[in-house]
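> Top to bottom, those sequences are chains A and B.
So for the first sequence, UniProt numbering puts the first residue at 1; every next one is plus one.
So for the second sequence, UniProt numbering puts the first residue at 1; every next one is plus one.
Just so you know, the hints here were simulated from the structure itself, not pulled from any lab data.
It is possible that some hints are incorrect.
Selected chain B positions facing chain A (Cβ under 10 angstroms, derived; list incomplete) [to be verified]: (1) Ala33; (2) Glu129; (3) Thr147; (4) Gly215; (5) Val295; (6) Asp298; (7) Gly311; (8) Glu313; (9) Pro314; (10) Ala321; (11) Ser349.
Here are the simulated distance ranges between beta carbons [what the hints assert, rightly or not]: (12) Ala88/A <-> Thr13/B: 49 to 57 angstroms; (13) Arg23/A <-> Gly421/B: 46 to 54 angstroms; (14) Gly82/B <-> Asp221/A: 53 to 61 angstroms.
These figures come from a predicted structure and were not determined experimentally.
By construction, the Cβ of each residue, glycine as well, lies at the ideal position given by its N, Cα and C atoms.
There are 2 protein chains.
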Amino acid sequence: MKPIQVGLLGIGTVGSGTFEVLRRNQEEIRRRAGRGIQITMVADLDVARARAIVGEGVTVVGDAREVIANPEIDIVIELIGGYGIAKALVMEAIAAGKHVVTANKALLAVHGTEIFAAASQRGVMVAFEAAVAGGIPIIKALREGLTANRIQWIAGIINGTTNFILSEMRGKGLDFDVVLKEAQRLGYAEADPTFDIEGVDAAHKATIMSAIAFGIPVQFDKAHVEGITKLSAIDIRYAEQLGYRIKLLGIAKRRPRPNAAGDAAVGIELRVHPSLVPSKRLIANVEGAMNAVVVQGDAVGTTLYYGKGAGSEPTASAVIADLVDVTRLHTADPHHRVPHLAFQPDAMSDLPVLPMSEVVTSYYLRLRVADQAGVLAQVTGLLAGRGISIDAVLQREADEVGGEGATSTDLIILTHDTREGTMNEVLEQLQALPSVLAPIVRIRKEELN
Amino acid sequence: MKPIQVGLLGIGTVGSGTFEVLRRNQEEIRRRAGRGIQITMVADLDVARARAIVGEGVTVVGDAREVIANPEIDIVIELIGGYGIAKALVMEAIAAGKHVVTANKALLAVHGTEIFAAASQRGVMVAFEAAVAGGIPIIKALREGLTANRIQWIAGIINGTTNFILSEMRGKGLDFDVVLKEAQRLGYAEADPTFDIEGVDAAHKATIMSAIAFGIPVQFDKAHVEGITKLSAIDIRYAEQLGYRIKLLGIAKRRPRPNAAGDAAVGIELRVHPSLVPSKRLIANVEGAMNAVVVQGDAVGTTLYYGKGAGSEPTASAVIADLVDVTRLHTADPHHRVPHLAFQPDAMSDLPVLPMSEVVTSYYLRLRVADQAGVLAQVTGLLAGRGISIDAVLQREADEVGGEGATSTDLIILTHDTREGTMNEVLEQLQALPSVLAPIVRIRKEELN
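Chain A on its own, in the form it takes in the complex (with noise of 0.2 angstroms):
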């Protein structure tokens, strides 16, 4: 049989992976997939580049619109990246009848229904394994190795920069500003970092991740983003003497109905911030650019995945197993394809995902207190007041702050689970507290058990 012939859109670090992978280890593809994989056309803005790295025997071309209307070629990969010209050149590689595969995690997470729906009609794939934590194959887990689950939770650490550098804070006790400038340095961090740093890369991921575990649309708009900017090195040495790691997390949460902590509401939970983990956790055990997501199951308990969640060849690998698995499949009646999504397109949920008010989750505050006698039993009646129990209390580092001999100090609050609302009520009336002397520090904190 003749093999698969394959169009590449963009030739940068993925997708010159992707090329190399390909040829280096083509007879044990072919073995497993029953027929050659072979790239036989690239479109590069950078011709001559491209050129170099594919040699002589792939045509190149500048325009990608020439790869799309070869009648030769049954998948395009999409390399370029974000949301212009790439989603016109995935709708249109659809429309012309070729499978996709794509790394491109913004495009799907904002608009990935639109795709998915026009690919659907057409009767193509649209392959992503690649699109969330590189080379683990954590996307086939969700979709059809976790089949029989009712998914509850997904958290991971699904940005190796932000990874990188809170490990990095950690081991060696510095300040964010001070480590990302080692990163960029050591190439972990890109010049213009802040899509890692700010927590939109995760984001897109968590999106990708929500919609097919729990059989929602992506939709990015409505996840909570934030980033390690605002992280001290202080936060990460208290966490570690309460027995956490403070790591982002990308989390996509199934609320149910009835819940323990007040009265939210009944929807899921999307959301990318720092959190405390606890230190004996396996995740909270992954260092420097290392990628893990935890999958909570109620049938399976709970699994990870863990790998390298970019770079050239890792990335590569995920491009590749999508290529075997159209290859595969593409033969398939397309009605008993994997959805894209997991779920078949008429069997999608509604439940709404959840405004960060009405998240519920547990706490770590750092509170900076002048060091006088009933500071601790204002705060902690405040907390009670409005239902919120802790869980420890850790007083520290008292030290003269000014004059006439006043003194301060931190005091570090555990809490237990409560409504995201509720707490930034509490925090409002914290602040406001004549014997707190600095703005609270507030870090969400998941057991993941």
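The hints should help you fit chain B onto chain A, whose structure is shown.
Below, chain B alone, put in the same frame as chain A:
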């Protein structure tokens, strides 16, 4: 569309979990599969108990052949276990044109080649996610998620009973026999724990993974099988001091040519035995009855999969994932389904499974030696003479062992990679030294990097 009709053979722990999860999550599963999945017929020798589990509305019979003969049944789940009647029934179900889902690792590790050949010929699927590592979708990860890769090695904690025992031995400093009794009392070990503690169960699973990873036939008879019954608390403690934990690993490894460690043959290592693993590796921190599998691929690097490896609902999760896969794919052209052993039947490899003497690994050696000058030089001299280089030495616990003030001491040596055959020869020489006072303890060591 009418639901897929499933017949269940054997409704014990996993069978009743499968029935319960299918019933509880039927709506969720139907929304994913695009079609309902129902167990409509159950065969069990204990008809009354089976009836009590499934209630009315399901046909219960004492004779499994009635299920196989029922033309309404699309898929047969085999949960009887063992090589005997289970094999006959699986072969008959295939002959009757039924798809088969099984959790029977022993059957597949020993008779897989015959079973898969029959299934391919008849155009039906035999799915077995539940046969390895319970609820962890490791078969899917290996067979579909990592298809881009030339797999280099797999190392897994794939037996929960032994991992529970090893965790307790380490945590409490107790010896094997004591902990085994506790594990039996708690239900983590069976009354006859032989298959678990002697490594047989892990070897069945490692055999299946070796076939899928490397495209070789299942060859359980060639696996090296060694359990944990001879492990002492003292070696767990010494390992800890050296920065290692001891785990029972199932290992399948491609020995590449050329290799640095002498002239070991090219082929596949397939072995189950206790292994030192660096404490900082994630897999070294997998405690209790949990399972984890590390897979190293040339493109993706290291990936790890973690979860419950046994139990009613975790295993049911894998059984049902297979039911959904079959439901999604059974109308597809058989030649375009995922091959049973990951590689196309006509593209299997004839790489041999290597005899243990050809395995290359590193070692932990504990020698009880006379505490006198020159012993260390004598021991290390013998090792050096055979080209075995030393990674670390620990000399501890000198104490009185007899009259005349003679003392003895534990000498611990960690070696670098060497051929096992060479190590065996050196161990004979070392054991013959007059200054070596007790049988030498040898435990293999895997860096897993």
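> Could you run down the list of hints and mark each one as holding or not?
Evaluation of the provided hints:
no., hint, result
1, Ala33, "holds (7 angstroms)"
2, Glu129, "holds (7 angstroms)"
3, Thr147, "holds (4 angstroms)"
4, Gly215, "holds (6 angstroms)"
5, Val295, "holds (9 angstroms)"
6, Asp298, "holds (7 angstroms)"
7, Gly311, "holds (8 angstroms)"
8, Glu313, "holds (4 angstroms)"
9, Pro314, "holds (5 angstroms)"
10, Ala321, "holds (5 angstroms)"
11, Ser349, "holds (8 angstroms)"
12, Ala88/A <-> Thr13/B: 49 to 57 angstroms, "holds (54 angstroms)"
13, Arg23/A <-> Gly421/B: 46 to 54 angstroms, "violated (37 angstroms)"
14, Gly82/B <-> Asp221/A: 53 to 61 angstroms, "holds (55 angstroms)"
In terms of the numbered hints stated before, the structure departs from hint 13 and from no other.
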